[in-house]
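**Student:** With the hints as your guide, set chain B onto chain A.
Protein chains: 2
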Amino acid sequence: MATELDVLIANNTLKAKAFLDEIEGKKPLFICTIATTETGKIPGLSAAGANPDFTDFTPPADAELLLLGKCKSIQGVPITPDGIPTPGLITTSALHLADIPVLVVNGGVKVKPQIPFVDLGGNSGRDIRTGDSVDNVEEVIERAKVLGEQMAKASDYLVIGESIPGGTTTALGVLSALGVNAEGKVSSTLLQNPHSLKGEVVREGLTAAGEKFGSLKNNPIKAVSCVGDPMMPALAGLVIGGARQVPVLMAGGTQMTAVLAVINGLEPKALCNVAVGTTRWVTKDKSSDICGIVKQFCEVPVLAADLNFSNSRFPGLQIYETGLVKEGVGAGGASIVAMAKLGGAVTKDLLLKEIERNYALLMGLK
Amino acid sequence: MATELDVLIANNTLKAKAFLDEIEGKKPLFICTIATTETGKIPGLSAAGANPDFTDFTPPADAELLLLGKCKSIQGVPITPDGIPTPGLITTSALHLADIPVLVVNGGVKVKPQIPFVDLGGNSGRDIRTGDSVDNVEEVIERAKVLGEQMAKASDYLVIGESIPGGTTTALGVLSALGVNAEGKVSSTLLQNPHSLKGEVVREGLTAAGEKFGSLKNNPIKAVSCVGDPMMPALAGLVIGGARQVPVLMAGGTQMTAVLAVINGLEPKALCNVAVGTTRWVTKDKSSDICGIVKQFCEVPVLAADLNFSNSRFPGLQIYETGLVKEGVGAGGASIVAMAKLGGAVTKDLLLKEIERNYALLMGLK
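Just so you know, the protein sequences line up as chains A and B, in that order. Counting with my numbering, you get residues 23 to 388 for the letters of the first sequence. Counting with my numbering, you get residues 23 to 388 for the letters of the second sequence.
If we strip away everything but chain A, and leave its shape as in the complex, we get (with noise of 0.2 Å):
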């Protein structure tokens, strides 16, 4: 590679190292996967919302705030119940330095962004505990497989982000189902990860839905249907059909591992073009491991944003550093791509400012 960007390598160097080098200087197309779930609402489980019912404005903003650089279906940006804003605030910051276009797909929201967005005939999730949460899982595959295909012939390589609350607890949900081991391993919005809750929910909807730990190895569509969410079809049919043609970075947490586990199952060649790419916070976070997951099964790359807040003039976002909020909306993958597409034009620092300049903006601050 010619340039050093400021992205960290989690695993598998060789092959990381060559992912940067094929996309670097490149076009991609940043799509942002939406979706919401009963789920997303158990007390406990997740941070991204004011409070659990408010889980179901956070997808459809997230979208806006990425297309509009505002939201409209609420009034400023998504919260934690703490007040830390979206870290759709740092994608949309990279996605405008580097001048990238975005694609909003709904896999299945509640409410409907005031956007344009590509539906692809798919519900919101139920809670995972009835052990049927997802409706349509294979035509949804089916048809974000078509999107995938047609977007890699417009753009050099695909960078596909998620918002969707309670998304770790289905992750950890689908994982299990198919026999790899993620219980204490998923990471969360929270300070502290609430591994235990995580695990009694998934658990109860294996058992709803008469399935157990390894069960469903060699039925992913079904383990998504029964204890996944919407924005695994849509993401996982998404980089299906566009790593056929392109790269794709798929940018994400530990959420991405079990839509690469759902990929891995349905068409395992198609990881060969993948990558993950996260923030840092995710690959050094002590409460969850992505590489112990992804190791289990395959061996694509994690690549992180070496973002670091410490310096931050606002304290709303130094708090990243505690743990908070960690990755979301694609941050750490639009981190890298923006970076990637201008070969160290837009270093950590740059974007720092970048996104500190979003925030007063948005926070109404000076």
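I should point out that these hints are in silico values taken from the structure, not numbers from a laboratory. Worth double-checking, as some hints may not be accurate.
Intra- or inter-copy, both count: the list cannot distinguish identical chains.
With a straight-line Cα cutoff of 27 Å, these simulated BS3-like cross-link-like pairs (lysine-lysine) come out [as the list claims (entries may be wrong)]:
id, residue 1, residue 2
1, Lys175, Lys49
2, Lys63, Lys175
3, Lys388, Lys308
4, Lys134, Lys94
**Tutor:** Chain B in isolation, oriented as in the chain A frame:
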């Protein structure tokens, strides 16, 4: 221009050549905008469907044909009452030959296509004789602008077609409301252009809306709301958003002149970056006058793919030479950009071969 393409220039020769020069060898994105209306079901008005009620299925089926190479919402492909296949067959063949990506945008349809499509918050249109035919016009335009801007970042240029039965009648409606003399000048899928019926329907619509010829000259949004169709705000917004950054080819016949008039009223400078691309069957048509409409309010060039099916081995395709169908689903524009992308490697003869191949395949012929 380096190569001689099978493209005819119908007006504004210098601008037309400059546009062709600009797009030659470049990579476009093809956007198909679909919509349906009750206007399209008025007996005798449209042949875009085996019978009036069937027109609800024509646009979704056309969109499926473009993305999947076959329809899902109907058996076979959309046909006229005489059994002539949809011009979407031409579009599909052209885009496939030149490997051009497709995005489907829903302006407002009653029957949703079973493929990925972009939603803009629009609804299917009412009969324009109500004088209140389209909901949500301003919002759909705004959302379409956002999409057009994003897709312009992802492509060298945009080609935007339509599938909407009855669209020349609503075109006449909007042109009339805007004070453009189009009576007797809009095209038709039928051999006998039902000009007097179209004129009656439009007059009834204008009267019901409390408007008359030219009375909405300064209010294109109201003109569309009263006597237009849901394809128009979607397409106008896409063009305005896209043309800010890249050339835009509006792929269609006289329907596009109504969209041009709307854009001319909203953001006239967008028209500097725009051309209309249609078929020879439209520009040579004696029962309509696309250039005669355009020249009343702008200098946008009109290009025509020099398609000629006289020597086709299939009577169902030869019949296009009698003046049936003529255009639709961006057939002319798609043919032009397939030729322009591959600079002469795609000729009208090669294109006809591919159309015949697909025709035989889809109609179960040999």
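**Student:** A separate judgement is required for each hint: does it hold in the structure or not?
**Tutor:** Evaluated hints:
no., hint, result
1, Lys175 x Lys49, "both (12 Å within a copy, 9 Å between copies)"
2, Lys63 x Lys175, "neither (38 Å within a copy, 37 Å between copies)"
3, Lys388 x Lys308, "neither (34 Å within a copy, 65 Å between copies)"
4, Lys134 x Lys94, "both (11 Å within a copy, 26 Å between copies)"
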